[in-house]
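Colleague: This is what each chain is made of:
Number of protein chains: 2
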Amino acid sequence: MRYPARVVLTEVGPRDGLQNESREIPLAQKIALVDALSATGLTRVEAASFVHPKAIPQMANAAEVMAGIERRPGVTYIGLVPNEVGARNAIAADVDEIAVVVSASESHNKANVNRTIAESLEAIAGVAALAAAADKPWTGYVSTAFGCPYEGAVDAGRVLDLAREMHSTGAYAVALGDTIGVAHPRQAFEVVSRFFAEVPGPELRLHFHDTRGMALANVVAAMEAGAAEFDGSIGGLGGCPYAPGASGNVATEDLAAMLAAMGIETGVDLEAVVAVAWLVEETVGRALEGRFKRAVQGGRNSQ
Amino acid sequence: MRYPARVVLTEVGPRDGLQNESREIPLAQKIALVDALSATGLTRVEAASFVHPKAIPQMANAAEVMAGIERRPGVTYIGLVPNEVGARNAIAADVDEIAVVVSASESHNKANVNRTIAESLEAIAGVAALAAAADKPWTGYVSTAFGCPYEGAVDAGRVLDLAREMHSTGAYAVALGDTIGVAHPRQAFEVVSRFFAEVPGPELRLHFHDTRGMALANVVAAMEAGAAEFDGSIGGLGGCPYAPGASGNVATEDLAAMLAAMGIETGVDLEAVVAVAWLVEETVGRALEGRFKRAVQGGRNSQ
Numbered sequence: 000m001r002y003p004a005r006v007v008l009t010e011v012g013p014r015d016g017l018q019n020e021s022r023e024i025p026l027a028q029k030i031a032l033v034d035a036l037s038a039t040g041l042t043r044v045e046a047a048s049f050v051h052p053k054a055i056p057q058m059a060n061a062a063e064v065m066a067g068i069e070r071r072p073g074v075t076y077i078g079l080v081p082n083e084v085g086a087r088n089a090i091a092a093d094v095d096e097i098a099v100v101v102s103a104s105e106s107h108n109k110a111n112v113n114r115t116i117a118e119s120l121e122a123i124a125g126v127a128a129l130a131a132a133a134d135k136p137w138t139g140y141v142s143t144a145f146g147c148p149y150e151g152a153v154d155a156g157r158v159l160d161l162a163r164e165m166h167s168t169g170a171y172a173v174a175l176g177d178t179i180g181v182a183h184p185r186q187a188f189e190v191v192s193r194f195f196a197e198v199p200g201p202e203l204r205l206h207f208h209d210t211r212g213m214a215l216a217n218v219v220a221a222m223e224a225g226a227a228e229f230d231g232s233i234g235g236l237g238g239c240p241y242a243p244g245a246s247g248n249v250a251t252e253d254l255a256a257m258l259a260a261m262g263i264e265t266g267v268d269l270e271a272v273v274a275v276a277w278l279v280e281e282t283v284g285r286a287l288e289g290r291f292k293r294a295v296q297g298g299r300n301s302q
Numbered sequence: 000m001r002y003p004a005r006v007v008l009t010e011v012g013p014r015d016g017l018q019n020e021s022r023e024i025p026l027a028q029k030i031a032l033v034d035a036l037s038a039t040g041l042t043r044v045e046a047a048s049f050v051h052p053k054a055i056p057q058m059a060n061a062a063e064v065m066a067g068i069e070r071r072p073g074v075t076y077i078g079l080v081p082n083e084v085g086a087r088n089a090i091a092a093d094v095d096e097i098a099v100v101v102s103a104s105e106s107h108n109k110a111n112v113n114r115t116i117a118e119s120l121e122a123i124a125g126v127a128a129l130a131a132a133a134d135k136p137w138t139g140y141v142s143t144a145f146g147c148p149y150e151g152a153v154d155a156g157r158v159l160d161l162a163r164e165m166h167s168t169g170a171y172a173v174a175l176g177d178t179i180g181v182a183h184p185r186q187a188f189e190v191v192s193r194f195f196a197e198v199p200g201p202e203l204r205l206h207f208h209d210t211r212g213m214a215l216a217n218v219v220a221a222m223e224a225g226a227a228e229f230d231g232s233i234g235g236l237g238g239c240p241y242a243p244g245a246s247g248n249v250a251t252e253d254l255a256a257m258l259a260a261m262g263i264e265t266g267v268d269l270e271a272v273v274a275v276a277w278l279v280e281e282t283v284g285r286a287l288e289g290r291f292k293r294a295v296q297g298g299r300n301s302q
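Chains as they are written, first to last, in numbering that gives the first Met the number 0: chain A, 0 to 302; chain B, 0 to 302.
There's no promise every hint is true.
Heads up, incomplete: computed chain A residues facing chain B, CB under 10 Å, no partners named [claimed, not checked]:
1. 0
2. 4
3. 7
4. 106
5. 182
6. 183
7. 212
8. 216
9. 235
10. 256
11. 260
12. 263
13. 290
With a straight-line cut-off of 25 Å between C-alpha atoms, the simulated SDA-like cross-links for lysine to any residue are [what the hints assert, rightly or not]:
14. A:53 x A:125
15. B:135 x B:51
16. A:109 x A:84
17. A:109 x A:19
18. A:109 x B:135
19. B:109 x A:109
Not everything, but these chain A residues come out facing chain B in the computed CB check (under 8 Å) [stated by the list, open to error]:
20. 184
21. 213
22. 215
23. 253
24. 261
If you are wondering where the hints come from, they were derived from the structure by calculation, not from laboratory data.
These numbers come from a predicted model, not from an experiment.
Even for Gly, the Cβ is constructed at its ideal location relative to N, Cα and C.
Kindly produce the complete structure, drawing on both the sequences and the hints.
Modeller: Here's what the structure looks like:
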């Protein structure tokens, strides 16, 4: 087996994670979380979402989050934006990088942002123009890239078309999201292999949810196909609105621990990231599904 | 990637799972669990442990379990035995197959059964003679094959020596156990590859714990190296005494669901196995860590 020598992790907990929490997280705690994460050796942190607070109240105060955090040198702070208004706000808040999202399936895109895919691509083109003018790099996410809660199977060709289109619009990277955690290792290997063969140019990032416990297996399969960039969410923060009670993103600390065990460098300090995972459990007031922190808890009490 | 067309699963929940529960499970519920499991399409069920009840009270009534269950045609019922007394009792109870265990690390073997490895191998030779006389096939487990809670790293050469030795004593199959859930995919691939290259003869089975969430990733890596037989524990039943609060064996339903998604046959009815996973949560009175059942719970309530 050939694995990469080094993997780049993107922490999405403060955005993709917290936006799925029912509890409103106070501004100071959001800032503390981002700062704690950026002190662990993680070099990429999705810190905020510049959506309208009416749409996702959990993500209010995005500009205040960006203004309040410590900008640690070497760390890229990313803001998700849904449209040109969001892009202007994100640029005004001086994010280092912009993320945009389109679903690979029409019905999920409609449910998620009440637009057709074509309308989303149009909005993304508007964001791209603003990003270019402000000299901000941006990543294009393809959601439901491995399966859709409404439509089931998703055609990989369609996913690669969207990747190509966003790259041609200016995305330096494309992230394929397994939004509902149905990707399996054979599929991960095949889609990643096709991506590198058929979509020359953009960096590839993978965003796996751990709903069915397959996220780490998918990471391994994706690495075997050449991938070396993955999203994680501290503690396993996040959730899947289509499978209540199921877990969300793969836990950053589980991902970092597996890669460390395999001798793959991430630059992440495992002890530090585990400490933040415990902190985030307190912040959201519920047990999270990441496993590594309990496996190494040592003296910590457990039931 | 080449994966096997078909994988054989061995269900170890009634034994390796229940023996780690603090709650004593009544005989009738043990029997009901084994019968429910054998109705799911699983063809191998470790049903009981013929250890002395003073050593592991949870495993009392092994003979009564074997006498009470429905012997479904095509299903192999396995009994774990620690010594010749256990082997005689297991043979008297008419198990279809015997399992024996030795650790790859001296200190774990001492802690587990208060014997040296050499003493365990001597006991296994005695069991082997009884098994041969009774025409019972047996599997030799190597515990701590991927890491030891006391000694840390375990030499793979030592693991393969034990495998060879048990095969020469009569084991038709060897099972390598990741007792504390520290195996990682690179290691799983390497150990399995070496096994097939250096230990000709016995069937190979892998027994992964999911303590750090890496079990399914290890299954995939092991399949890539040629493995096609895996243990699972319904619901993720079981635990790891060295990491309280951490999960135990990989959940059978998670394993079966991943293999099904990958187009690999197991013969297991996923709906049926998920129903048993819910049942076993009620039996043990606590939430278990298997993920697939919650991901597909549909109408079930969740918090």
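Colleague: Determine for every hint whether it applies to the structure shown.
Modeller: Hints and how they fare:
| no. | hint | verdict |
| --- | --- | --- |
| 1 | 0 | holds, 5 Å |
| 2 | 4 | violated, 12 Å |
| 3 | 7 | violated, 19 Å |
| 4 | 106 | violated, 18 Å |
| 5 | 182 | holds, 9 Å |
| 6 | 183 | holds, 4 Å |
| 7 | 212 | holds, 4 Å |
| 8 | 216 | holds, 4 Å |
| 9 | 235 | holds, 9 Å |
| 10 | 256 | holds, 6 Å |
| 11 | 260 | holds, 4 Å |
| 12 | 263 | holds, 9 Å |
| 13 | 290 | holds, 4 Å |
| 14 | A:53 x A:125 | holds, 22 Å |
| 15 | B:135 x B:51 | holds, 21 Å |
| 16 | A:109 x A:84 | holds, 19 Å |
| 17 | A:109 x A:19 | holds, 18 Å |
| 18 | A:109 x B:135 | violated, 61 Å |
| 19 | B:109 x A:109 | violated, 61 Å |
| 20 | 184 | holds, 5 Å |
| 21 | 213 | holds, 6 Å |
| 22 | 215 | holds, 4 Å |
| 23 | 253 | holds, 5 Å |
| 24 | 261 | holds, 4 Å |
Going down the numbered hints, you'll see the structure goes against 2, 3, 4, 18 and 19, while the others check out.
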